[in-house]
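As a plain string of letters, each chain reads:
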Amino acid sequence: MKNHTEYLLSLIDITVNFEGFLALNNLNLRIKKGELRAIIGPNGAGKTTFLDVITGKVKPTQGQVIFKGISLIGRKEHKIARLGVGRKFQSPRVFENLSVLENLELSVSYPKNPLNLLKKNIIMDQLEEIYHLMKVVNLTKKNDIKAGALSHGQKQWLEIAMLLGQKPDLMLVDEPVAGLTDEETDLTADLLKSLAGNNTILIIDHDMEFIRRLDSRVSVLNQGSVLCEGDMNTIQNNQKVIDVYLGRPD
Amino acid sequence: MNKNIIKFNGKVKFIFWVLLIAFIVAAPALLPVFRLNLLGRYLSLAIVALGVDLIWGFTGLLSLGQGIFFTLGGYCVAMYLQLNSSSEFPNNIPEFFALYGVKDLPIFWAPFKSPLFTLFAIWLIPAVVAGILGFLVFRNRIKGVYFSILTQASLLVFFNFFNGQQKLINGTNGLKTDVTQLFGQLVGSELIQRYIFWITAFLVITAWFFSKWLIKGRFGNILIGIRDDEPRVRFTGYNPVIFKTIIFSISGALAGISGALYTVQSGIVSPQFMTVPFSIEMVIWVAVGGRGTLLGAILGAVFINYAKSLVSEALPASWMFIQGSLFILVVTTLPEGILGWLYSEGPRNLLQKFGFIRKIKTYPSLELNKSSEG
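Top line first, the protein sequences correspond to chains F and R. Just so we're aligned: 135 in the numbering used here is position 135 of the first sequence, and the numbers increase by one with no gaps anywhere. Just so we're aligned: 53 in the numbering used here is position 53 of the second sequence, and the numbers increase by one with no gaps anywhere.
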């Protein structure tokens, strides 16, 4: 349990008890800086709760979350976000009544206080950043269109761009390819892979093909704790994982 | 907002403003004293409506307690006016104190001897009260219906408190302002009322521009973000509590200014301004005029109240039914309000129903193809 600093994020013995139901049960997980990590697990394994704990939405019943050597327990969501934890939600959550450009403005703007936002113009560096992000996710031509009018895939991408705009040290990405076409899925996988290295990314998904394409370390979650960890081949040949996913032969 | 599909060019705008200002300047000469006074009152109500639009239309906070801040502003100006004209009364304090045997001015009245203090108090006191109330509520993440109920409950608390304080503020009778003096003239006099009308018109326009400035850029966008998806705002690194407190406080300040102007034009402030229906009416003006449009709030406040007085003169007792049906009609058929409907696709969709082909905005080529085929 020593050397927290070696890891960007450490979850230590996290338990979340929802009135008797253990959503997370003694979960331990460590992520190094620059790592791309995939988390898989059957429905109800606690994947989303696990993100809720890191981002401060749910307070664990016990355990510690250490990020960059600081405990995140008891901190408010916006404070955790400012420390450098960015989150992309399962269903795309963008501000539908704002344009693509306005959405990105909010994510890129810094400092995040009212006085800064009251200034009429965003500073030049941040504007350039926005145009860069729009190019990355291929939304430059749509900058004036309301986010609500975008297709599902474009919303997913806009949200990824917003996440990048926050310049987080750790990106938590919850099912980024849900509802995307095969082509969009491939593009998203390539995008996330290209971001790894400079960014630390934690991806949650069901889609095995997508995870395989990411070519990253995988942790399998089951009943609120980590079942096993390793690369995709190891995972797919692990008897415990097969049991969980395919049902235990009696 | 890129909402406005109807865009006016510079020339039309210029003519509009010239006509508007000419009307405001000439209104005292054109309108009978009684009508001018009514128009002035309704214009002052437009300011509180702007505040409601800022917190409800943009930020999604439905406050049913704006009457508190409105009344506080009214009491501030009334206390100054009463003190300013109490020299001939016993103990040099306002006349009503004698009724309850009060000989010394209560401490909190003293600063209101200063006109400068009063000018600040009118908007600052309601803003601070709204800020404190808002902060406590927002910090505990109370929102939606619970926020509305809480503001209404606060309204009732203030209403009952003010009603009971005969010895401090003349309780349920309120404070009269029309028989007080300002610059050696009766506040109720035609001359003073004319100036107050002009000041009101000026302040409505100022408040409108101020609100427009507030919601124009990223600050307004974050308010819309809070309305549509507050958790997302948090995870983007913003603290919604601060933004909500600020905007609620600003709406309180606007309500205070509105209440002060309304008081000097109606001649009295009393706890009646804090009744539940009045605060709900404020919301109705905005709902009918158009939520999230600002101009809709102004027009809603002025026209509904003007309609109210016209209908009440012709058919007394029928207004409540008309107002109720208007509200139901707007909520069911024009949920965006009248101006919101005009700004949206509404008019074009209506024209289409009558057989006019609407122009397609996104793919003009589709129309070209059709005409070339035909």
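These are computed hints drawn from the structure, not numbers from a lab. Check each hint, because a few of them may be wrong.
Not everything, but these chain F residues come out facing chain R in the computed CB check (under 7 Å) [stated by the list, open to error]:
hint	residue
1	K68
2	L72
3	R75
4	H78
5	L83
6	G84
7	R87
8	F95
9	S107
10	L118
11	M124
12	D125
13	R213
If you're wondering where the values come from, they're calculated on a predicted model, not measured in any experiment. Quick reminder that beta carbons are idealized off the backbone N, C-alpha and C, glycines included.
Right, here's what the structure says about each hint:
The criterion of a C-beta within 7 Å of any C-beta in chain R is not met by K68/F, whose closest approach is roughly 16 Å, and the hint is violated. Restraint check, L72/F versus chain R: the minimum CB separation of about 13 Å is more than 7 Å; hint violated. For R75/F, the suggested interface contact is broken, since its CB lies about 12 Å from the closest CB of chain R, more than 7 Å. For H78/F, the suggested interface contact is upheld, since its CB lies about 5 Å from the closest CB of chain R, less than 7 Å.
Hint status for L83/F relative to chain R: violated, with the closest Cβ pair at about 9 Å, above 7 Å. Because the smallest distance between the Cβ of G84/F and any Cβ of chain R comes to about 10 Å, over 7 Å, the interface hint for this residue is violated. This hint holds: R87/F has a C-beta 5 Å from the nearest C-beta of chain R, less than the 7 Å allowed. At its closest, the beta carbon of F95/F sits 5 Å from a beta carbon of chain R; the interface hint therefore holds under the 7 Å criterion.
Proximity of S107/F to chain R holds as hinted, the smallest CB-CB distance being about 6 Å (cut-off 7 Å). Because the beta carbon of L118/F sits about 5 Å from the nearest beta carbon in chain R, less than 7 Å, this interface hint is met. For M124/F, the suggested interface contact is broken, since its CB lies about 15 Å from the closest CB of chain R, more than 7 Å. The beta carbon of D125/F comes no nearer than 15 Å to any beta carbon in chain R, farther than 7 Å, and the hint placing it at the interface is violated.
This hint is violated: R213/F has a C-beta 27 Å from the nearest C-beta of chain R, more than the 7 Å allowed.
Comparing the model with each earlier hint shows violations of hints 1, 2, 3, 5, 6, 11, 12, 13; every other hint is respected.
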